[in-house]
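Quick note, the sequences are listed as chains A and B, same order. The opening position of the first sequence corresponds to residue 24 in this note's numbering, with each subsequent residue numbered one higher. The opening position of the second sequence corresponds to residue 763 in this note's numbering, with each subsequent residue numbered one higher.
Hints were generated in silico from the structure; no laboratory data involved. Even glycine gets a Cβ: it sits at the ideal position worked out from N, Cα and C. Please note that the accuracy of each hint is not assured.
To spell it out: a stretch of chain A is covered by chain B in this simulated footprint if at least three of its residues, at any positions, have a beta carbon under 8 Å from a beta carbon of chain B; those stretches are [to be verified]:
1. 89-103
2. 117-126
Not everything, but these chain B residues come out facing chain A in the computed CB check (under 10 Å) [as the list claims (entries may be wrong)]:
3. F797
4. N807
5. T854
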Amino acid sequence: ETGVTQTPRHLVMGMTNKKSLKCEQHLGHNAMYWYKQSAKKPLELMFVYNFKEQTENNSVPSRFSPECPNSSHLFLHLHTLQPEDSALYLCASSQDGALNEQFFGPGTRLTVL
Amino acid sequence: GIQVEQSPPDLILQEGANSTLRCNFSDSVNNLQWFHQNPWGQLINLFYIPSGTKQNGRLSATTVATERYSLLYISSSQTTDSGVYFCAALNTGTASKLTFGTGTRLQVTL
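Full structure from sequences and hints, please.
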């Protein structure tokens, strides 16, 4: 257990569906991150939140919409996804910014049909 | 931004063998982490090591920041060590995000 939880662990959705991924950290951290891991590619940073404010959007398509209501929770809202969006989505947190050690959740394995 | 390269890409060991994984990076680093990704996708923190040497049980790591590389040593390998090992680095002067290498896939056989 890393202190970062993610739900659901697996998700299958059609291209017209709307779904949300949830991340929660119990470490008292102030920064949270969404990463995407596709087959045969390095982890790609998607979004960064620091003290609930978005500080980085790594050119992510608008069909991915993050939400950070407080420092402990992070959501990724999904709508009208494409099959190439199928991947493992990982959430992470760190004490403050990227200088600090990051801890990862178990991931949500997403399949888009 | 910083470039991170890992070698070897794949490694097969017999149980009990030792191994060294390498991570080269293209710039000075403020953060360097080693992770183990298990078959279920969980990234497990091994070391936070922007410089120096650390040890944790059968694992140890050394980062030589001036020469821009880090090494992860696995001794007396076990089948549970199988998985993918990632190195990730950050240079705050050029970016605000960790950059991950492509990983070393390790398989430990009986």
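Results of checking the hints against the structure:
1. By the rule of at least three residues with a Cβ nearer than 8 Å to a Cβ of chain B, the coverage given for the region 89-103 of chain A is violated, with 0 such residues.
2. By the rule of at least three residues with a Cβ nearer than 8 Å to a Cβ of chain B, the coverage given for the region 117-126 of chain A holds, with 7 such residues.
3. Nearest Cβ of chain A to the Cβ of B:F797: about 7 Å, under the 10 Å cut. The hint holds.
4. For B:N807, the suggested interface contact is upheld, since its CB lies about 6 Å from the closest CB of chain A, less than 10 Å.
5. Among the interface hints, the one on B:T854 holds; its C-beta lies about 6 Å from the nearest C-beta in chain A, closer than the 10 Å criterion.
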